[in-house]
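Residue numbers (full-length UniProt numbering): 1 to 218.
FYI, nobody ran anything at the bench for these hints, they're computed from the structure. Certain hints may be false.
Heads up, simulated DSS-like pairs for lysine-lysine below, C-alpha to C-alpha not over 27 Å straight-line [claimed, not checked]:
1) Lys92 <-> Lys109
2) Lys92 <-> Lys8
3) Lys8 <-> Lys75
4) Lys92 <-> Lys104
5) Lys97 <-> Lys13
6) Lys146 <-> Lys13
7) Lys75 <-> Lys97
8) Lys187 <-> Lys199
9) Lys97 <-> Lys144
10) Lys56 <-> Lys92
11) Lys199 <-> Lys109
12) Lys56 <-> Lys146
13) Lys199 <-> Lys2
14) Lys146 <-> Lys109
15) Lys159 <-> Lys75
16) Lys2 <-> Lys13
17) Lys75 <-> Lys146
18) Lys2 <-> Lys97
19) Lys92 <-> Lys159
20) Lys97 <-> Lys56
21) Lys13 <-> Lys56
22) Lys75 <-> Lys13
23) Lys97 <-> Lys187
24) Lys159 <-> Lys199
25) Lys187 <-> Lys146
26) Lys146 <-> Lys104
27) Lys144 <-> Lys75
28) Lys187 <-> Lys159
29) Lys97 <-> Lys159
Computed Cβ-Cβ distance ranges for the label pairs, DEER-style [as the list claims (entries may be wrong)]:
30) Tyr4 <-> Gly117: 29 to 35 Å
31) Arg120 <-> Leu173: 22 to 28 Å
32) Glu37 <-> Lys92: 19 to 25 Å
33) Gln106 <-> His149: 25 to 31 Å
34) Lys97 <-> Glu63: 35 to 41 Å
35) Thr190 <-> Asn33: 18 to 24 Å
36) Asn107 <-> Lys144: 15 to 21 Å
37) Asn33 <-> Phe125: 29 to 35 Å
38) Lys56 <-> His194: 23 to 29 Å
39) Glu37 <-> Gly7: 31 to 37 Å
40) Glu90 <-> Glu35: 24 to 30 Å
Every residue, glycine too, gets a C-beta built ideally from N, C-alpha and C.
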Amino acid sequence: YKIYILGKPVDVKCDMTSEDGGGWTVIQSRSENEEGENFFERNDTEYERGFGTAGKSFWIGLENLLALMSFPNSKQSLRIELRRAGGRPETKVVHYKIFHVGSKEQNYKLTIGEYNGPDRYDALFDHNGHEFSVKNSSTANPDKDKCAHQRLSGGWWFKPCNSANLNGFKVRLFLQKNPLAITWNLKSDTEAYHYTYDKVEMKIRDADFGFCTGSKKS
Numbered sequence: 001y002k003i004y005i006l007g008k009p010v011d012v013k014c015d016m017t018s019e020d021g022g023g024w025t026v027i028q029s030r031s032e033n034e035e036g037e038n039f040f041e042r043n044d045t046e047y048e049r050g051f052g053t054a055g056k057s058f059w060i061g062l063e064n065l066l067a068l069m070s071f072p073n074s075k076q077s078l079r080i081e082l083r084r085a086g087g088r089p090e091t092k093v094v095h096y097k098i099f100h101v102g103s104k105e106q107n108y109k110l111t112i113g114e115y116n117g118p119d120r121y122d123a124l125f126d127h128n129g130h131e132f133s134v135k136n137s138s139t140a141n142p143d144k145d146k147c148a149h150q151r152l153s154g155g156w157w158f159k160p161c162n163s164a165n166l167n168g169f170k171v172r173l174f175l176q177k178n179p180l181a182i183t184w185n186l187k188s189d190t191e192a193y194h195y196t197y198d199k200v201e202m203k204i205r206d207a208d209f210g211f212c213t214g215s216k217k218s
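Using the sequences and the hints given, assemble the complete structure.
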């Protein structure tokens with residue numbers, strides 16, 4: 001689909017067939033065939049403006065996300081779909097009824113709440129109230145997780161000891177130094193910090209499902 005944000009056309013993927021009624025706009029996607037494990041290691045400008053291709057690996061951009069969240073009102077929900085690597089076909093779905101990102105002046109601070117999903121999968125709530133920042137794993141003094149003392153990657157609402165980061169490296173093998181990679185920690189599961197993920201999507205929608213309007217591309 002093509003939608004118009006701040007007067008500019010933006011290609012997005014819309015989910016109109018999910019079991020909860022559809023109407024979701026995909027704001028982030030990690031595809032099975034992502035172009036390199038460090039595809040999401042970008043600079044501040046790229047995370048603000050967006051990168052990738054809708055329907056493949058994609059980040060809509062913080063500026064576009066802010067604009068979407070102000071239309072038709074600022075009350076948005078977030079749906080996250082997680083599929084682990086290693087031949088596991090099951091997709092875990094988590095839902096936050098409250099999802100809000102602050103202004104650029106607020107460093108896109110995250111507000112999130114009212115979790116609905118599988119037990120122990122509420123990893124993102126630990127990041128509530130944190131600002132968005134971009135980490136670089138390849139500099140002489142790479143950014144590191146305070147608790148794991150290992151490198152971090154990608155742009156996210158990082159906190160000193162991370163529970164979640166869906167924009168990290170996309171590795172395919174069990175990783176000892178997992179803060180570098182896609183992370184979704186499960187409470188009381190000591191192995192979860194090392195899980196790898198084959199496919200991830202983040203989606204938002206308004207109560208009236210008003211985002212996915214515009215002209216469908218042929």
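Hint check:
Between the alpha carbons of Lys92 and Lys109 the distance comes to roughly 26 Å, so the proposed pair stays at or under 27 Å and holds. Between Lys92 and Lys8 the CA atoms are separated by roughly 34 Å; this puts the pair beyond 27 Å, and the hint is violated. Simply put, Lys8 and Lys75 have alpha-carbon atoms about 23 Å apart, close enough for the 27 Å limit, and the pair holds. With a C-alpha separation of about 31 Å, the suggested pair Lys92 and Lys104 falls outside the 27 Å cut-off, and the hint is violated.
A threshold of 27 Å between alpha carbons decides the hint, and for Lys97 with Lys13 the separation of about 21 Å falls inside it, so the pair holds. Between the alpha carbons of Lys146 and Lys13 the distance comes to roughly 35 Å, so the proposed pair goes past 27 Å and is violated. Between the alpha carbons of Lys75 and Lys97 the distance comes to roughly 9 Å, so the proposed pair stays at or under 27 Å and holds. Restraint check for Lys187 and Lys199: the C-alpha separation of about 21 Å stays at or below 27 Å, so the hint holds.
Between Lys97 and Lys144, the direct Cα distance comes to roughly 31 Å. Violation of the 27 Å bound is thereby established for this hinted pair. For the hint pairing Lys56 with Lys92, the CA-to-CA distance comes to about 19 Å; that is within 27 Å, so the pair holds. This hinted pair checks out: Lys199 and Lys109 have alpha carbons roughly 25 Å apart, not beyond 27 Å. For the hint pairing Lys56 with Lys146, the CA-to-CA distance comes to about 32 Å; that exceeds 27 Å, so the pair is violated.
Distance restraint check for Lys199 and Lys2: the Cα-Cα separation of roughly 23 Å lies within the 27 Å cut-off, and the hinted pair is therefore satisfied. Of the supplied pair hints, the one linking Lys146 and Lys109 holds, its CA atoms being roughly 20 Å apart against a limit of 27 Å. Pair hint Lys159 plus Lys75 holds up; C-alpha atoms about 24 Å apart against a cutoff of 27 Å. Only pairs whose Cα atoms come within 27 Å are accepted, and Lys2 paired with Lys13 is accepted, the gap being roughly 9 Å.
Between Lys75 and Lys146 the alpha-carbon distance is near 33 Å, which puts this suggested pair outside the 27 Å criterion. Taken as a hint, the Lys2 and Lys97 pair is honoured in the structure, with Cα atoms around 26 Å apart against an allowance of 27 Å. Annotation: proposed proximity of Lys92 to Lys159 holds, straight-line Cα distance about 23 Å (limit 27 Å). Restraint check for Lys97 and Lys56: satisfied, since their Cα atoms lie roughly 26 Å apart, inside the 27 Å limit.
The hinted pair formed by Lys13 and Lys56 meets the criterion: a straight-line CA distance of about 9 Å does not exceed 27 Å. Distance restraint check for Lys75 and Lys13: the Cα-Cα separation of roughly 20 Å lies within the 27 Å cut-off, and the hinted pair is therefore satisfied. For the suggested pair Lys97 and Lys187, the alpha carbons sit about 20 Å apart, so the restraint of at most 27 Å is met. A hinted pair counts as satisfied when its Cα atoms are at most 27 Å apart, and Lys159 with Lys199 qualifies at roughly 23 Å.
For the given pair, Lys187 sits about 19 Å from Lys146 by alpha-carbon distance, which is consistent with the 27 Å threshold. Distance restraint check for Lys146 and Lys104: the Cα-Cα separation of roughly 25 Å lies within the 27 Å cut-off, and the hinted pair is therefore satisfied. Restraint check: the Cα-Cα separation between Lys144 and Lys75 comes to about 33 Å, which exceeds 27 Å; the hinted pair is violated. The hinted pair formed by Lys187 and Lys159 meets the criterion: a straight-line CA distance of about 17 Å does not exceed 27 Å.
Distance restraint check for Lys97 and Lys159: the Cα-Cα separation of roughly 22 Å lies within the 27 Å cut-off, and the hinted pair is therefore satisfied. A beta carbon spacing of about 32 Å between Tyr4 and Gly117 agrees with the range 29 to 35 Å that was offered as a hint. The beta-carbon spacing between Arg120 and Leu173, approximately 24 Å, falls within the hinted interval of 22 to 28 Å. Under the hint 19 to 25 Å, the C-beta atoms of Glu37 and Lys92, about 22 Å apart, fit the expected range.
Remark: the range hint 25 to 31 Å for Gln106 to His149 is upheld by a beta-carbon distance near 29 Å. At roughly 24 Å, the beta-carbon separation of Lys97 and Glu63 lies outside the given 35 to 41 Å, and the hint is violated. Between Thr190 and Asn33 the CB atoms are about 31 Å apart, so this pair departs from the stated range of 18 to 24 Å. At roughly 20 Å, the beta-carbon separation of Asn107 and Lys144 lies within the given 15 to 21 Å, and the hint holds.
About 31 Å separates the C-beta atoms of Asn33 and Phe125, a value consistent with the hinted range of 29 to 35 Å. Between Lys56 and His194 the Cβ separation comes to about 26 Å, which falls inside the hinted range of 23 to 29 Å. For Glu37 and Gly7, the Cβ-Cβ distance of about 35 Å falls inside the hinted range of 31 to 37 Å, so the restraint holds. In this structure the supplied range 24 to 30 Å holds for Glu90 paired with Glu35, their Cβ-Cβ distance being about 26 Å.
Violated hints for the displayed structure, listed by number in ascending order: 2, 4, 6, 9, 12, 17, 27, 34, 35.
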